[in-house]
Amino acid sequence: DAMVIQNPRYQVTQFGKPVTLSCSQTLNHNVMYWYQQKSSQAPKLLFHYYDKDFNNEADTPDNFQSRRPNTSFCFLDIRSPGLGDAAMYLCATRSGAGNQPQHFGDGTRLSIL
Amino acid sequence: AQKVTQAQTEISVVEKEDVTLDCVYETRDTTYYLFWYKQPPSGELVFLIRRNSFDEQNEISGRYSWNFQKSTSSFNFTITASQVVDSAVYFCALSGLSGSARQLTFGSGTQLTVLP
Chain A
1 DAMVIQNPRY
11 QVTQFGKPVT
21 LSCSQTLNHN
31 VMYWYQQKSS
41 QAPKLLFHYY
51 DKDFNNEADT
61 PDNFQSRRPN
71 TSFCFLDIRS
81 PGLGDAAMYL
91 CATRSGAGNQ
101 PQHFGDGTRL
111 SIL
Chain B
114 AQKVTQAQTE
124 ISVVEKEDVT
134 LDCVYETRDT
144 TYYLFWYKQP
154 PSGELVFLIR
164 RNSFDEQNEI
174 SGRYSWNFQK
184 STSSFNFTIT
194 ASQVVDSAVY
204 FCALSGLSGS
214 ARQLTFGSGT
224 QLTVLP
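Those protein sequences? They're chains A and B, same order as listed. Note that our numbering has the first sequence beginning at 1, numbered continuously upward. Note that our numbering has the second sequence beginning at 114, numbered continuously upward.
If you're looking for bench data, these hints aren't it; they were derived computationally from the structure. Honestly, I wouldn't trust all of these hints.
Stated by the list, open to error - Anything over 12 Å on all C-beta distances counts as not near chain A; from chain B, calculated: (1) Val117; (2) Val132; (3) Val137; (4) Glu157; (5) Asn171; (6) Glu172; (7) Gly175; (8) Arg176; (9) Lys183; (10) Ser187; (11) Thr191; (12) Ser200; (13) Val202; (14) Leu217; (15) Pro229.
As the list claims (entries may be wrong) - Dumping the calculated BS3-like pairs for lysine-lysine here, alpha-carbon to alpha-carbon at most 30 Å: (16) A:Lys44 with B:Lys129; (17) A:Lys44 with B:Lys151; (18) B:Lys116 with A:Lys44; (19) A:Lys44 with A:Lys17; (20) A:Lys44 with B:Lys183; (21) A:Lys52 with B:Lys116; (22) B:Lys151 with A:Lys38; (23) B:Lys151 with B:Lys116.
Unchecked claim - Partial selection, computed: residues in chain A whose CB lies under 7 Å from chain B: (24) Ser39; (25) Ala42; (26) Leu45; (27) Leu46; (28) Pro101; (29) Phe104; (30) Asp106; (31) Gly107.
Ideal Cβ placement from N, Cα and C applies to all residues, glycine included.
Just need the whole structure built from these sequences, with the hints factored in.
Now the structure itself:
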C-alpha cells in the first residue's frame with residue numbers, strides 16, 4: 001500500500017507556465033520534505049515542513065514555493081519554470097520523533113518544453 | 114559540516130557475484146545516524162537500513178549485510194549472490210541530531226548494474 005503518494009508521475013509544462021506538484025501521505029508524519037533530483041545526482045533538499053513550520057534551504061530559488069494545508073498534503077509550486085528546472089521531484093515524510101528514516105514517494109518527473 | 118563520500122560511481126557485476134558498496138562519512142557530531150537507500154530505475158527511493166553511531170554491530174538481512182566501522186568512518190554495504198533486480202543506484206546518507214544536521218546528507222550514489 002502506497003504511503004507517500006505523488007501526483008502526477010510525469011508532468012510536462014511549458015517554459016514559464018506555472019506548475020504544481022502534489023504529495024499526500026497516510027503515515028501521519030509531522031515532517032514533509034521536497035527534494036529535487038537531476039540526472040545522476042543525489043537528491044537536493046529544497047524545503048521541509050515540521051508540522052506547519054516551513055523551512056527553506058538557503059539556496060532554494062525563489063521560483064519554488066510550497067504549501068502544506070494539512071498534515072496529509074503538501075504541494076510544490078514552480079512559478080515560472082525554466083529549462084533548468086527539469087528534474088525528478090521527490091516528496092518524503094518522517095516521523096518527528098528521533099531520527100526515523102524518511103519515506104519517499106515515487107517522484108514526479110518534470111519536463112519543460 | 115557533514116559529508117558522505119561514495120567513491121564508486123559505477124559498478125558492474127555478473128549475477129551471483131558478491132559486491133560491496135563503499136561509504137565513508139565525516140561529521141563532528143558524536144551522535145549521528147547512517148542510512149542506505151536504493152533507487153531502482155523507476156525512481157522511488159527505498160529505505161534499506163538505519164544505524165545509529167552507538168551501535169557498531171554488523172547487520173545481515175537476507176542477502177544484504179552492512180559493516181559499520183566507526184574507527185574508519187565507514188558504513189559499507191554488501192550484497193551476496195547478486196541478482197539482476199539489485200540493479201539500482203544506492204545512496205548512503207547521514208543525519209545528525211539537531212537543527213539542519215537532522216536533514217539527510219546524501220552521498221553521490223553508486224550505480225550498480227548486475228548482468229545476467
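- Query: Which numbered hints does this structure break?
  - Reply: 1, 4, 13, 14, 16, 24, 27
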